[in-house]
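Asks: So the protein lines, in turn, are chains C and E. Per the working numbering, residue 1 is the first one in the first sequence, and the count goes up by one each step. Per the working numbering, residue 1001 is the first one in the second sequence, and the count goes up by one each step.
Hints in this document: simulated from the structure, not taken from any laboratory. Among these hints, one or two may not hold up.
Stated by the list, open to error - In silico lysine-lysine, DSS-like type, Cα no more than 30 Å apart, as pairs:
#, chain 1, residue 1, chain 2, residue 2
1, E, 1142, C, 73
2, C, 10, E, 1142
3, C, 95, E, 1129
4, C, 135, E, 1228
5, E, 1050, C, 72
6, E, 1142, C, 155
7, C, 106, E, 1142
8, E, 1228, C, 95
9, C, 18, E, 1050
10, C, 72, E, 1129
11, C, 122, C, 108
12, C, 135, E, 1050
13, C, 221, C, 179
14, E, 1050, C, 73
15, C, 18, E, 1142
16, C, 18, E, 1129
17, C, 128, C, 108
18, C, 95, E, 1050
19, E, 1129, C, 153
20, C, 179, E, 1129
21, E, 1050, C, 10
22, E, 1129, C, 106
23, C, 113, C, 73
24, C, 106, C, 128
25, C, 84, C, 155
26, C, 155, C, 106
27, E, 1129, C, 10
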Amino acid sequence: MFRLVNLEKKFGNLEVLKSISMFIDYGEVVCIIGPSGSGKSTFLRCLNLLEIPTSGRIYYSGAILDPDLDCKKLRREVGMVFQKFNLFPMFNVLKNITYAPMRINKMKEEDAKELAMDLLAKVGLADKANEYPSKLSGGQQQRVAIARALAMKPKMLLFDEPTSALDPELVGDVLEVMKQLATEGMTMAVVTHEMGFAREVADRVIFMDKGYIVEEGTPEKIFSNPENQRTKEFLARVI
Amino acid sequence: MTLHFAKAAELLIPSLFHGFGVVIQATVLGFLLATILGMIIAIGRLSTIKIVRGILYLYLELIRGTPLLVQLVYIYYVVPLLLNLIASMFGFKTNIQIASVTAGILGLGINYGCYMSEVVRAAILSIDKGQTEAALVLGFGKYEALFRIVMPQALRSIIPSLGNYLVMMVKDTSLLAYVAVNELLLRTQNFASQTFLTIESYTFLAIAYLVISIPLSYFVKFIEYRLKDK
Ligand SMILES: Nc1ncnc2c1ncn2[C@@H]1O[C@H](COP(=O)(O)OP(=O)(O)OP(=O)(O)O)[C@@H](O)[C@H]1O
Ligand SMILES: [Mg+2]
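Bound-form chain C, shown alone (with noise of 0.2 Å):
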């Protein structure tokens, strides 16, 4: 589905992506690990061009990327989920699920509603409907945040930390989500910090460490046998 040649990015003088090559295929759940600052956010955003690299070449289906004329159709198919949620305050829970069908895909107001109304059941929100984000707690409004990139029935779905931002004892919700997605065959890259979660629904972990992909390969391979010094050195602190 993706596959990337020695993508390059750079913040001025910052080397933060260095020569990265990789590929993700559809159907994949590819889990990407990794220290704070080792370059895993723009790694992703890279993905749906929400950064745009210095150098490299990403191909998409089958076709190379150009930032100047692929960004929207690409991120219409490529949906993301950010670790703070984003979900739009002034709307409420319907609406932010239903606003980008019914704008982009010029969906119908009652065919929108009625897809929006499904996905909240599937994340278990169906009463939450009528509720404005700031009265959710953080795993309900990154539940409706899932809801609300599924409601654009991406292709693939990218989150950058969907946890990180909650208290401990309500990941577990979102986790859930995320695993059922996973079981339904979505295509997923996931930056993240629960090792149980990569280690139990990652088809694939890659570490990255300043800038490199240093090690990739199946859970099992990572977690319980890791070649490399850092990627052992990591582990061995979070876990």
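Fit chain E with the ligands to the supplied structure of chain C, relying on the hints for placement.
Replies: What follows is chain E with the ligands alone, placed relative to chain C:
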């Protein structure tokens, strides 16, 4: 010396009522122009194009570095002369003039537009970048994100400040007297110089401004209160 408030009231107040019409016209149109310019300048200054930002920065320095009164006089007297001069260089003989009310509205709009652009800009910048990004990743364009998602949130902090500028602008319409707009001050000056009822006339003039500005500022406070409520 005796004061003749009754006589002054009888003759001046009807004239001031006509002046109200001029003040309202100049304020409404001037404010509209200022708001539009303020939005455009604010958005331009957030542009990614460096030249656009540079030009707007210079423009703001120019306008904010000169007094409104000088700008009014410049627009009314100097700009038509310049236009005629330029036309004559191309061999045309013209007699371009700017109506005094038009000059007044332009001056107020251009001057206030600069100050309002700062308010709009600060309000846009105060909205979390995550809001724009959330809109972008759903497939909205840059300007759709700005106008549909960021602006509506920024308006909450913009509206109260704009209200204060509105009250200030009403009072600043008195400067239009210097470009021959027949507003409250000019009417009062003429009346006072003909009748020598100086104390009475200018007292009524002051009261006339209070009659507009006090209710207006309470109205602005009320709107501000309503916005805070939500
Ligand atoms: N817009 C930006 N401008 C300048 N530097 C940036 C920008 N975004 C990120 N950086 C820098 O790039 C580096 C990598 O940041 P990034 O957010 O990708 O790391 P991360 O792995 O996601 O870290 P964390 O786990 O803390 O989220 C950091 O040094 C950061 O300061
Ligand atoms: Mg990050």
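Asks: Would you mind marking each hint as holding or not holding in the structure?
Replies: Evaluation of the provided hints:
1. 1142(E) x 73(C): holds, 14 Å
2. 10(C) x 1142(E): Roughly 22 Å separates the two Cα atoms, so the pair holds.
3. 95(C) x 1129(E): Distance ~20 Å between residue 95(C) and residue 1129(E) Cα, so the pair holds.
4. 135(C) x 1228(E): This hinted pair holds, its Cα atoms lying about 17 Å apart.
5. 1050(E) x 72(C): Roughly 24 Å separates the two Cα atoms, so the pair holds.
6. 1142(E) x 155(C): holds, 22 Å
7. 106(C) x 1142(E): Judged against 30 Å, a Cα distance of about 19 Å means the pair holds.
8. 1228(E) x 95(C): With Cα atoms ~22 Å apart, residue 1228(E) and residue 95(C) stay inside 30 Å; holds.
9. 18(C) x 1050(E): holds, 28 Å
10. 72(C) x 1129(E): Distance ~18 Å between residue 72(C) and residue 1129(E) Cα, so the pair holds.
11. 122(C) x 108(C): Measuring from Cα to Cα gives roughly 21 Å; hence the hint holds.
12. 135(C) x 1050(E): violated, 41 Å
13. 221(C) x 179(C): holds, 21 Å
14. 1050(E) x 73(C): This hinted pair holds, its Cα atoms lying about 28 Å apart.
15. 18(C) x 1142(E): The hint holds at about 28 Å.
16. 18(C) x 1129(E): Given pair residue 18(C), residue 1129(E) holds - Cα atoms ~26 Å apart, limit 30 Å.
17. 128(C) x 108(C): holds, 22 Å
18. 95(C) x 1050(E): Not OK: residue 95(C) and residue 1050(E) at ~37 Å, beyond 30 Å, violated.
19. 1129(E) x 153(C): At roughly 24 Å apart (the allowed maximum being 30 Å), residue 153(C) and residue 1129(E) satisfy the hint.
20. 179(C) x 1129(E): holds, 29 Å
21. 1050(E) x 10(C): holds, 20 Å
22. 1129(E) x 106(C): holds, 26 Å
23. 113(C) x 73(C): holds, 23 Å
24. 106(C) x 128(C): Holds, because 24 Å separates the two Cα atoms, which is no more than 30 Å.
25. 84(C) x 155(C): Given that 30 Å is the threshold and the Cα spacing comes to 22 Å, the pair holds.
26. 155(C) x 106(C): holds, 18 Å
27. 1129(E) x 10(C): holds, 20 Å
Figure legend: structure checked against the earlier numbered hints; hints not met, in rising order: 12 and 18.
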